[in-house]
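From first to last, the protein sequence lines stand for chains A and B.
So the first sequence is residues 1406 to 1519, counted in the working numbering.
So the second sequence is residues 173 to 285, counted in the working numbering.
Which bits of chain A does chain B cover? Going by a derived footprint, with three or more residues having C-beta under 8 Å, they are:
{"hint": "1", "stretch": "1445-1458"}
{"hint": "2", "stretch": "1486-1500"}
Here are the computed distance ranges between Cβ atoms for each label pair:
{"hint": "3", "chain 1": "B", "residue 1": "Pro233", "chain 2": "A", "residue 2": "Leu1456", "range": "32 to 42 Å"}
{"hint": "4", "chain 1": "A", "residue 1": "Ser1489", "chain 2": "B", "residue 2": "Ala252", "range": "38 to 48 Å"}
{"hint": "5", "chain 1": "B", "residue 1": "Glu223", "chain 2": "A", "residue 2": "Val1434", "range": "22 to 32 Å"}
{"hint": "6", "chain 1": "B", "residue 1": "Ala252", "chain 2": "A", "residue 2": "Val1434", "range": "32 to 42 Å"}
{"hint": "7", "chain 1": "A", "residue 1": "Ser1459", "chain 2": "B", "residue 2": "Thr192", "range": "39 to 49 Å"}
{"hint": "8", "chain 1": "B", "residue 1": "Thr273", "chain 2": "A", "residue 2": "Lys1474", "range": "20 to 30 Å"}
{"hint": "9", "chain 1": "A", "residue 1": "Leu1412", "chain 2": "B", "residue 2": "Asn231", "range": "21 to 31 Å"}
{"hint": "10", "chain 1": "A", "residue 1": "Thr1477", "chain 2": "B", "residue 2": "Thr273", "range": "18 to 28 Å"}
{"hint": "11", "chain 1": "B", "residue 1": "Ala252", "chain 2": "A", "residue 2": "Ser1459", "range": "47 to 57 Å"}
According to the in silico footprint, chain A covers these stretches of chain B (three or more CB under 8 Å from chain A):
{"hint": "12", "stretch": "213-221"}
{"hint": "13", "stretch": "257-271"}
{"hint": "14", "stretch": "277-283"}
Hints in this document: simulated from the structure, not taken from any laboratory.
Every residue, glycine too, gets a C-beta built ideally from N, C-alpha and C.
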Amino acid sequence: AQSVTQLDSQVPVFEEAPVELRCNYSSSVSVYLFWYVQYPNQGLQLLLKYLSGSTLVESINGFEAEFNKSQTSFHLRKPSVHISDTAEYFCAVTRYSSASKIIFGSGTRLSIRP
Amino acid sequence: EAGVTQSPTHLIKTRGQQATLRCSPISGHTSVYWYQQALGLGLQFLLWYDEGEERNRGNFPPRFSGRQFPNYSSELNVNALELEDSALYLCASSSTGAGNTIYFGEGSWLTVV
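Isolated chain B, as found in the complex (with noise of 0.2 Å):
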């Protein structure tokens, strides 16, 4: 069974441009979670949806935003890339409930040049 895929694996932009990143699920999971991990900084929770809602997302500007489609996918979009928005951005997801084990993707690397 196919884990948590994220494309593109690397992406590097320029300041001021905007990036999408995408997400497929585990088969049969219906959340969808991101996080940015930074240099030194951990990782950062900035989104969550579940059956195509956002549920809740973190201390993130707005041109952090995304989407969660019929399928499950999603899609994370970073606009007017800053060069502090360089990072690896995990995609996770999960079945629906309390306590369910989170799968991470790989990760896309994203460089803000």
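Extracted from the complex, chain A is given alone in its bound form (with noise of 0.2 Å):
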């Protein structure tokens, strides 16, 4: 069964600061790998995938992530944050090859500082 690790449940940092969010995942076979965004008293939003080819995907929104097999990570980064970029970040795995559940990982509350 897949698994999701998110290190972090708060990330304070300063505006225009770059940032790191921490995800590692669990799975004994080939896997897809997602960013959600909750932005406050709202539903879950994507911010990116990983499917497949080029290990490095980024969103619309200057976000970026890396997926790592041998260190089974995913982390998610942006060089410089916005107020704006305040949210909770969820991690999240399916299972390659076939339908799955979505299992997302407790979330990391991202909050920026003027």
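Both chains come to you apart, so use the hints to assemble them.
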């Protein structure tokens, strides 16, 4: 069975500083990986996903994540955060090659200080 | 195009009662997922329906149940409500197939008093 670990429950950073939100997964088979974002009082939205191909995937708002198979990680990064990035971020995994349930990590709350 | 819609937005029930939450997936999506988001516990997988069948369920007691209708909408039933069932219940939908993005609704807040 797959599992996802988000190592940090909260990450406070200053505006315009870089940030990395860590995600590690465990699976005996190949997986697809996702990052979802939940802004205050809203549902979850897909930020980016890795299916295959280039291990570096990017979102439209400046976030990127790199799939590292040897370290079983899919860390999310942004070189310069904005107040509007304040949200909770969830890493998720699903099994490759057949439809499967999607398992989410426990979430990381990103708070941006001005 | 309408997204995933959930109803009701908020629901208050007393302990021991039953709650029914409803979800309409995005048009064309055949898979519906239910997650529980309790305070401090992240998203816990509850149920997955596809083409009217229950494909998988999470580690929840049998009093959590649901079904998917022929039009792919779904409902989640929680019987014998307990205080710890108070949470945001999120529904999501996707088209069938591995790696497809799942799209979430805004959720239904269930408060058990």
